[in-house]
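I would like the entire structure built from these sequences, with the hints used as guidance.
For the record, the sequence lines run as chains A and B. Quick note on the numbering used here: the first sequence kicks off at 1 and runs consecutively. Quick note on the numbering used here: the second sequence kicks off at 1 and runs consecutively.
Hints were generated in silico from the structure; no laboratory data involved. Just to be clear, a hint being listed does not mean it is correct.
Copies of the same chain are indistinguishable here, so a pair counts whether it falls within one copy or spans any two.
To be verified - Dumping the calculated SDA-like pairs for lysine to any residue here, alpha-carbon to alpha-carbon at most 20 Å:
(1) Lys132 to Phe186
(2) Lys53 to Ser155
(3) Lys30 to Gln217
(4) Lys48 to Glu151
(5) Lys148 to Gly44
(6) Lys30 to Glu82
(7) Lys53 to Ala97
(8) Lys132 to Ser155
(9) Lys30 to Asp202
(10) Lys30 to Arg96
(11) Lys53 to Thr156
(12) Lys132 to Ala43
(13) Lys148 to Met136
(14) Lys30 to Leu204
(15) Lys48 to Gly58
(16) Lys148 to Pro192
(17) Lys148 to Tyr123
(18) Lys48 to Pro70
(19) Lys53 to Phe38
(20) Lys148 to Glu189
(21) Lys148 to Val181
(22) Lys48 to Thr156
(23) Lys53 to Thr145
There are 2 protein chains.
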Amino acid sequence: MANDVATPLRMYGNWRSAAAFRVRIALNLKGLPVEETFIDLDAGDQHKPEFRKINPQGAVPALFDGGGPPLTQSLAILDYLEDAYPAVPLLPAEPRARARARSLAQVVACDTHPLYVPRVRNYLMEAYGLPKERMMEFVRHVFSTGLKTLETRLSTEAGTGRFCQGDAVSHADLCLVSLWVGTGIFGVETAPYPTVARIAEDCLALEAFARAHPLCQPGAPQG
Amino acid sequence: MANDVATPLRMYGNWRSAAAFRVRIALNLKGLPVEETFIDLDAGDQHKPEFRKINPQGAVPALFDGGGPPLTQSLAILDYLEDAYPAVPLLPAEPRARARARSLAQVVACDTHPLYVPRVRNYLMEAYGLPKERMMEFVRHVFSTGLKTLETRLSTEAGTGRFCQGDAVSHADLCLVSLWVGTGIFGVETAPYPTVARIAEDCLALEAFARAHPLCQPGAPQG
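The structure is reproduced here in structure tokens:
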């Protein structure tokens, strides 16, 4: 990708990776240009030796900031960007508000998203001989469980504002949106989650989110 | 639990919760006494309305620090303790080292542990009619995948020292140990992971880890 300014940031990602999406939003919000190389997950490029050298886990995203080893795991990358590029903060300053933003982010990034990634879906189909449609019941169950927790918390906890934590975008919103866009892809019912929907749609109206959207990335299906 | 000093910290946990274990180690290392209430997960007490009011997700740990709402999600709690009680740091100061410690922690806390918790194990058995032994193949696959990533990274990356990140205990070690103690419970082969084993055993020799061990908590099986 051509950037008019020199950038030290390079990322290995994929159009449909929810984890790469989160990091892409943060980079946009912070005004940090990045050169993204798309790893073809369908072709299994994440398992090739040259990528395993970058991330032995065989997962995207992996971020390079100048020299030094790659940064991996999306939440760790988001925190690194807070430490290294604090001018546009994406976490509140107050410890309890920070903890709440992180906790909401982790409902998605720990307890929901890792359960429906391709490596789990493939395992269920291959090891247990489940047809795709039956495996998808698990995926939709996982989505619904995560969305229900988010809806209950966001609609009852005092910390919720325009965004998940107060009136400023935080890691919680990045994670929420990365889950939300998956509901369309996986056919998950969204009507029971109006507070999640309100925040997700408010976020996606922002240029930094819209430009990071999976369907706007190279390799995404057209139309 | 009797403490000689007044403590503002109260935690809802369970002897066998890997997430509560991580938080308990951090509290011990930081010298913070805590009153822990054990939620009977086998009896389903985490789903009772009175606990759902504390954590709508129905999961432990939940930490109270004086007044204010409960803190949830183990990694968010660990970060809160860094913010609120920084005297004994459990993350390195340098951003790249912090990012690596967090990334290793998240290999466990995002990509491994949430896949084998009771709510997933029960779903697989109930929705797909899998007998326990077949379901356990998934659990052992998840453990092995996580342990293999940790072993590869810890044995090849320059950041590894006496502990996961350099020579000081960090969140990475708390998470690594919380996974390691599960290998015995779930019958996971450990021989292929000598670097993980070395660090886990070094940690478990420390009083703060040993005292936090699941089998030393009320409700744990004897002997």
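A quick look at each hint next to the structure:
1. Lys132 to Phe186: within (12 Å within a copy, 28 Å between copies)
2. Lys53 to Ser155: between (44 Å within a copy, 13 Å between copies)
3. Lys30 to Gln217: within (19 Å within a copy, 45 Å between copies)
4. Lys48 to Glu151: between (39 Å within a copy, 18 Å between copies)
5. Lys148 to Gly44: For Lys148 and Gly44, only the inter-copy Cα distance (19 Å) is at most 20 Å; the intra-copy one is 33 Å.
6. Lys30 to Glu82: The answer is within: 9 Å in one copy meets 20 Å, while 24 Å across copies does not.
7. Lys53 to Ala97: Close across copies (19 Å), not inside one copy (37 Å); limit 20 Å.
8. Lys132 to Ser155: neither (34 Å within a copy, 37 Å between copies)
9. Lys30 to Asp202: Intra 18 Å, inter 40 Å, cutoff 20 Å: intra-copy only.
10. Lys30 to Arg96: For Lys30 and Arg96, only the inter-copy Cα distance (18 Å) is at most 20 Å; the intra-copy one is 23 Å.
11. Lys53 to Thr156: between (45 Å within a copy, 10 Å between copies)
12. Lys132 to Ala43: within (19 Å within a copy, 34 Å between copies)
13. Lys148 to Met136: So Lys148 and Met136 pass the 20 Å test inside one copy only (18 Å; across, 27 Å).
14. Lys30 to Leu204: Cα proximity of Lys30 and Leu204: one copy only (16 Å, versus 41 Å across).
15. Lys48 to Gly58: within (8 Å within a copy, 39 Å between copies)
16. Lys148 to Pro192: within (8 Å within a copy, 39 Å between copies)
17. Lys148 to Tyr123: between (26 Å within a copy, 17 Å between copies)
18. Lys48 to Pro70: within (16 Å within a copy, 44 Å between copies)
19. Lys53 to Phe38: This pair counts as within: shortest intra-copy Cα distance 16 Å, inter-copy 43 Å.
20. Lys148 to Glu189: Classified as within; 11 Å inside a copy, 36 Å across copies.
21. Lys148 to Val181: within (16 Å within a copy, 31 Å between copies)
22. Lys48 to Thr156: For Lys48 and Thr156, the Cα distance is within 20 Å only across copies (18 Å; inside one copy 46 Å).
23. Lys53 to Thr145: Between copies only: 16 Å across chains, 35 Å inside a chain, cut-off 20 Å.
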